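Line by line, the protein sequences give chains Y and A. Heads up: the first sequence is residues 1 to 116, going by the working numbering. Heads up: the second sequence is residues 1001 to 1110, going by the working numbering.
Honestly, I wouldn't trust all of these hints.
Partial chain Y-side listing against chain A, Cβ under 7 Å, derived [to be verified]:
id, residue
1, Glu56
2, Phe74
3, Phe107
4, Gly110
5, Thr114
For the record, the hints were derived by calculation from the structure and aren't laboratory data. Computed from a prediction, not measured in an experiment: that's the story for all the values here. Note that CB positions come from ideal geometry on N, CA and C, so glycine has one too.
These are the residues of each chain, in order.
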Amino acid sequence: DTGVSQDPRHKITKRGQNVTFRCDPISEHNRLYWYRQTLGQGPEFLTYFQNEAQLEKSRLLSDRFSAERPKGSFSTLEIQRTEQGDSAMYLCASSRPGLGGNTEAFFGQGTRLTVV
Amino acid sequence: RKEVEQDPGPFNVPEGATVAFNCTYSNSASQSFFWYRQDCRKEPKLLMSVYSSGNEDGRFTAQLNRASQYISLLIRDSKLSDSATYLCVVNMFNNNDMRFGAGTRLTVKP
């Protein structure tokens, strides 16, 4: 399978615990995005990487959230001291640059986080 | 004001109907525009890009109005399989991040 893959697919954690999610983008895609989606809402932008550089970070991303893409390939998203409000689907997407902007972004199936 | 706004619906239409969705965006520097489709509990997938001149793909037509900062999606002869949430996506060239609307839910009924 050469699509975007995310691991784990589901995560249940107790409030206050730390969690880490992984995203493996399509291999030739240099752009990688993290989004959060709750029921009935569209994906909310969290952060964006071009290669290993984190170029933008949403104001939604509190200090408890950190993302890395150390070698410009896979990425991790860590949430420290989880809160119940962090419960959501965390989506990763990747794309490659095109003329005048982005080409199609391909999404992984997401990691569903439940904080209890 | 939200960066990308859509009418959340739901739109409930009979098979064969024509339905149109609009989406407005706040940043006039936005450069690329897309419509994505998301089925229940699935990831979003690209439906079509939106070009300045407007574009058509079978029963689907997308339009862009830069002056009024909105894009539209028209679905003709709707099918049961068109039932999904349609997400408007706007991208700024210099930032290259992609911002999604909240989505418009469509249900096509027999």
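Evaluation of the provided hints:
1. For Glu56 of chain Y, the suggested interface contact is upheld, since its CB lies about 5 Å from the closest CB of chain A, less than 7 Å.
2. Because the closest C-beta pair between Phe74 of chain Y and chain A is about 18 Å apart, greater than 7 Å, the hint is violated.
3. Taken as an interface hint, Phe107 of chain Y checks out: its beta carbon lies about 4 Å from the nearest beta carbon of chain A, inside 7 Å.
4. For Gly110 of chain Y, the interface hint holds, since its Cβ comes within 7 Å of a Cβ in chain A; the closest pair sits about 6 Å apart.
5. Because the closest C-beta pair between Thr114 of chain Y and chain A is about 14 Å apart, greater than 7 Å, the hint is violated.
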